[in-house]
Structures are given as structure tokens and as C-alpha cells.
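Please construct the entire structure, taking both the sequences and the accompanying hints into account.
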Amino acid sequence: MLFTEGRIVFALCFIAVFAIALVWSYRKDKSERAINYKGSTKIVITILILLALLSGLTKVLKFL
Numbered sequence: 001m002l003f004t005e006g007r008i009v010f011a012l013c014f015i016a017v018f019a020i021a022l023v024w025s026y027r028k029d030k031s032e033r034a035i036n037y038k039g040s041t042k043i044v045i046t047i048l049i050l051l052a053l054l055s056g057l058t059k060v061l062k063f064l
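Residue numbers (the numbering used here): 1 to 64.
Just so you know, these hints were derived from the structure itself, not from any lab. For every residue, glycine included, the Cβ atom is placed at its ideal position computed from N, Cα and C. Treat the hints with care, as some may be off.
[What the hints assert, rightly or not] Here are the simulated BS3-like cross-link-like pairs (lysine-lysine), alpha carbons at most 30 Å apart as the crow flies:
# : residue 1 : residue 2
1 : K59       : K42
2 : K42       : K30
3 : K28       : K42
4 : K38       : K28
[Claimed, not checked] Here are the computed distance ranges between Cβ atoms for each label pair:
#  : residue 1 : residue 2 : range
5  : L50       : G6        : 43 to 53 Å
6  : W24       : L61       : 40 to 50 Å
7  : K28       : L48       : 26 to 36 Å
8  : L50       : V9        : 43 to 53 Å
9  : S40       : V17       : 25 to 35 Å
10 : F18       : V44       : 22 to 32 Å
11 : I45       : A19       : 27 to 37 Å
12 : S25       : E5        : 22 to 32 Å
Shown next as C-alpha cells:
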């Protein structure tokens, strides 16, 4: 048996506590993110578009 009963219980407790801490932290910082990272969505979209263009360009140049 790869996992003992104790390891499974520990893993489940760890995942539960980690998820609770993640949600708590998200709710705590929700108002600050709106102020500090106002234009970050546009930057992320721009970076993703540039990466897609670069990927497409490398695939096109690979076949030439």
C-alpha cells in the first residue's frame, strides 16, 4: 500500500486548511488589489497576445 491511513488523513487536513487560508487571504486582499493593480488586466492580455504572435511566427518560420 502506497499511502497509509495516517498519510491520507494528513493530506486531507492539509488540503482543507490550505484552501481555507487561500480563500481567507483572497477576501482580505480583495479591496487592495483593485487599487494597486488597476491596469494589470490590459498588461496580461497584451503579453498573452505577444506570446501567441511569437509562437505563430516561430511555427511559420520553421516551415520556410
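*Against which earlier hints does the structure fall short, listed by number upward?*
As far as the earlier hints go, not one is violated by this structure.
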